[in-house]
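Engineer: Could you build all of it, start to finish, from the sequences and the hints given here?
Just so you know, we're using my numbering here: the sequence shown kicks off at 1 and counts up by one.
The hints are simulated quantities; they were obtained by calculation from the structure and are not laboratory data.
A quick note: this is a predicted structure, and the numbers were derived from the prediction, not measured.
Ideal Cβ placement from N, Cα and C applies to all residues, glycine included.
There's no promise every hint is true.
Think about it this way: if two alpha-carbon atoms lie no more than 16 Å apart in a straight line, the pair counts; the simulated EDC-like pairs of lysine to aspartate or glutamate are [as the list claims (entries may be wrong)]:
1) Lys85 with Asp844
2) Lys566 with Asp555
3) Lys524 with Asp345
4) Lys524 with Asp347
5) Lys566 with Asp673
6) Lys388 with Asp627
7) Lys923 with Asp856
8) Lys516 with Glu570
9) Lys388 with Asp626
10) Lys566 with Asp513
11) Lys524 with Asp503
12) Lys476 with Asp503
13) Lys902 with Asp101
14) Lys476 with Glu435
15) Lys516 with Asp347
Label pairs and their calculated CB-CB ranges [said to hold, decoys possible]:
16) Pro940 with Met431: 51 to 59 Å
17) Pro49 with Gly242: 22 to 30 Å
18) Ala86 with Ala260: 20 to 28 Å
19) Asp31 with Thr341: 41 to 49 Å
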Amino acid sequence: MTIDRRQLLGSAGAGLTLTLPAAARAARGPDYGALPMPAPVDGLRAPLPVGDPSRIGFDQGWLFHEGDIAVPPAATHNETYLRAKAGNAVGAAAIDYDDSDWPLVTLPHDWASFQPFVESANVAQGYRPRGIGWYRRSFHLDPASRGQYCELQFDGIATNATIWVNGSVVAHNWSGYNSIYVDITPFARFGDERNVVAIRVDAEAMEGWWYEGAGLYRHAWLARRAPVSIVTDGVHCDPRAGSGGGWSVPVTVTARSTEAAAVGVRAVARLLDSGGRTVATATTDMATVPPLGQGDLTTTLTIADPALWSVATPTLYTVTVALERDGATVDARSVPVGFRTIRFDADRGFSLNGAPVKLKGVCIHHDHAGVGVALPDALMAWRLERLKELGCNAIRCSHNAPPVAFLDLCDRMGFLVMDENRNFNPSPDYMAQLEWLVRRDRNHPSVILWSVFNEEPMQGTHAGVEMVRRMAAAVKRLDDSRPVTAAMNGAFFNPENVSTVVDVVGFNYYPGDYDKFHALNPTKPMTSSEDTSAFETRGAYQTIPAKNIRSSMDDDAAGWGETHRKGWAEIARRPFVAGGFVWTGFDYHGEPTPHVWPTISSFFGILDLCGFRKTAYDIHRAGWIDDAPVVGLAPHWTWPGREGQPVPILVLSNAERITLRLNGRVVGEAAVDRLMGNSFTVPYAPGTIEVIASIGGREVARAGHETAGPPVALRLTPARRAMAGDGEDVQPVTIDAIDARGRHVPTANLPTRFVVTGATIIGVGNGDPNSHESEKGDSATSGARSLFNGLAQVIVQADAGGRGRITLRATAPGLRPAALTIDRIAAAPRAQVAPLAATRTIDDWRRSPLLAARPDASLAPAENDNNSWAFVHSGTATPAEAQAGWQVYRASVTPVRVIAAKGGRIAFAAVAGRAELWVDGRKLADKAGAAVGPITAALPAGAGPRAIVLIVAPEPGRPSGIVGPVTISAG
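Structural biologist: Pasting the structure below:
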């Protein structure tokens, strides 16, 4: 989508569709008043694959501060000197910064989703302030990890980020969409020493013209590996079909070493079928990995006749790789793969496994009502299920890399993916982002296209051609099995344009140029990379510009786009167009085209921001589903006060003929127009309107609506009847109002409140693009949201714990309340790095020279003296001295605010030598013996920096000093 066409928006309410076998007859009555959502299902979702056993979750225990934290300029030479040194970060990046009153958050976390809507905020970002935020987290590393390779992984941070570990800058990142892998091995501390991660996130930076969120909005991980190990994304094992039959899986394993000498390793690869049985094994030759370097190991797995991966039967195999050193496995990976062939043909479009497949795709952004861009994995799966049920088989990740869990789900569910790069720029920083995308995603069978850009003004210039050439070449160096495309919105016929240097041309809109381009470029494959851009407000059937409401009758589209029906018709009629990607599958926050304030989200979706159906849902089911009869109609049939007035009716079906009935009387018949639908006008009369679809004279499906009465009660409907009690599983629950006969009331617009036990509420919504209600609960277990045209949604996250029940209750003024019970199944939570309690460690000291006479506790180095007193670290012994004497260890520390207010305890875990502990010139404790031992004392309350002094009398000939950690804690 281009910035000058920001007058788009979504789709609205769809009729209930009942799909029946050919011999069946549809039941009348209550079914026509059913909730327009799928029925709840039993059981838990299968867990996503664990590809890297060396890593565990790093999502819990984060402390968050909204807003920047200014650091005063250095005032002295000494302060300036120290700030220039490694490990000496100041302000909120400092190891000992006081974050004790920051709130605790769990990732994924999008702080923008908590913001109110503000008219002065950026329109494209959904009128939500973003700003700057800070995150901090402390953790311990087991002493057994010493010598291992340690890596922090952040799957996505919106937007620009600076990361510190233990006071040193370890990474800068300039995109909200690429993962960040940080080697923290040189900075890591082990045992009782605290490790501190601090991240400054600048979300004022924008990469897109849609809602991008703010913060650590995807998962984080800590990987701990052997000194010689497989690099992250370091296994490439994409299957290839042999020219003479049979298949091979070329396997390349990239290993790295932190050892001081070269190390010999080999890799053993195995291919497992969907049942877990080993069907092939191969071993690489021995390879030498240089010190602090990398090396590749290669081999090939072969299999004669594997089960193929397809949209209908997405069969997955698994490649396991074990890296061996001296005969022992030191690292391992597990990679799901699929055996399939893909081909884009200039005349016949796309084929999968040799059979033509029309791409029936959608573009999607990565946000949802209530949670912003911080989508839990289970909510991603639910959204994909909604797309699958409408016949969608392809997804364009617009306009950025998706979460890896998203691609794992697409592999499992049988979606075809256009994987898109965010920044069109071949300079080193941005080329690294593109290369990361390809390395991470090249094993996924769902990925069929790499897109290097979306709608770039330079697409029709020499410079643009040269940029694409370099980016396409970088892709091909990493993966030569998939074509490269670019989503162009014009310049197709310029003397120089990027269509000449991509494998498949992507058309964003311009359907009137399909034939001309094909005629002029008869050997160039093409697809619609973005189409439609139609507006619909769910449940609204008349456009009211003054109220920022768009009709859901598919008669309203952007000037550059088409209606849903016409957009698909242009693609479906042309076999040389591989397929299309509707803008968009779901509504999304931001970009409220064709409106501005008070509209805060888009109108483009086939489904609204909550995943509720619009009329476009039935349009695409009729156009896209080929293996089952479907029929739907719009609008609903509850129009009090409009008796006798004409009501336009739109019927969508893939059958041969349809018959429209009102209260049993035929009011219309027609041969089905599968692409454009069938339109009728019927005078309104309360009762039942239904449509019967037939093939060969036999009924195959029917759909209908009944006139609903006034709402008398609420109803709660889950997506699943059970949830995993792992603290992560989530699901959306639909809230609707029903009449006295239990029928859904599509016109209900009324406030609701709800409360939950056994779970937390992480978001709420209703799909109204003009609503400014909060998308969060007013507490972790309660909240409110109005029904919008009959529907609202509350997203619940199951508590961690044993077997139990989740109970959700909803109320509305004047209506009977509703209660829902969901079974919570005992499930082991995903392993997480344990966070640390709020303590202050004293890590760094100044140590005086050995003094002949006992010094006064006030002794200190001169202001600019960085030489005569040593810089020492807790846990490091002072070398033995031949003669007796005294040494002063001096530190300045500001206790966290709670300790400053109430006091606490100071504890030296191990001190060698006789010692005295002084704080602020007051002696608190003695240690009489010279042997290693602790010193503890009550620390009086007090604000500001505290002068901590330890006077040590070393025993001659023995190491001395602070040989263990030092902590200040509450209590």
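Engineer: If a hint holds in the structure, say so; if it does not, say that too.
Structural biologist: These are the hints, each one checked on the structure:
At roughly 13 Å between alpha-carbon atoms, Lys85 and Asp844 fall within 16 Å of each other, so this suggested pair holds. Using a Cα cut-off of 16 Å, the hinted pair Lys566 and Asp555 holds, with the two alpha carbons roughly 10 Å apart. A C-alpha spacing of about 8 Å is found between Lys524 and Asp345, which places the hinted pair at or below 16 Å, so the restraint holds. The straight-line distance between the Cα atoms of Lys524 and Asp347 is roughly 9 Å, inside the 16 Å bound, and the hint therefore holds.
For a cut-off of 16 Å, the pair hint linking Lys566 to Asp673 stands: about 12 Å separates their Cα positions. Proposed proximity of Lys388 and Asp627 is supported: the alpha carbons are some 13 Å apart, at most 16 Å. In summary, the hint linking Lys923 to Asp856 is supported, as the alpha carbons are separated by about 11 Å, within the 16 Å threshold. Straight-line distance between C-alpha atoms of Lys516 and Glu570 comes to about 14 Å, which keeps the hinted pair within the 16 Å bound.
A hinted pair counts as satisfied when its Cα atoms are at most 16 Å apart, and Lys388 with Asp626 qualifies at roughly 13 Å. At roughly 15 Å between alpha-carbon atoms, Lys566 and Asp513 fall within 16 Å of each other, so this suggested pair holds. Using a Cα cut-off of 16 Å, the hinted pair Lys524 and Asp503 holds, with the two alpha carbons roughly 7 Å apart. Note on Lys476 and Asp503: the hinted pairing holds, with a Cα-Cα distance of about 11 Å set against a maximum of 16 Å.
A hinted pair counts as satisfied when its Cα atoms are at most 16 Å apart, and Lys902 with Asp101 qualifies at roughly 14 Å. This hinted pair checks out: Lys476 and Glu435 have alpha carbons roughly 10 Å apart, not beyond 16 Å. Note on Lys516 and Asp347: the hinted pairing holds, with a Cα-Cα distance of about 14 Å set against a maximum of 16 Å. With their beta carbons about 57 Å apart, Pro940 and Met431 fall inside the hinted range of 51 to 59 Å.
With their beta carbons about 27 Å apart, Pro49 and Gly242 fall inside the hinted range of 22 to 30 Å. Look at Ala86 against Ala260: about 21 Å separates their beta carbons, and that is inside 20 to 28 Å. Restraint check, Asp31 to Thr341: a C-beta distance of roughly 43 Å satisfies the suggested window 41 to 49 Å.
Hint compliance for this structure: no hint is broken.
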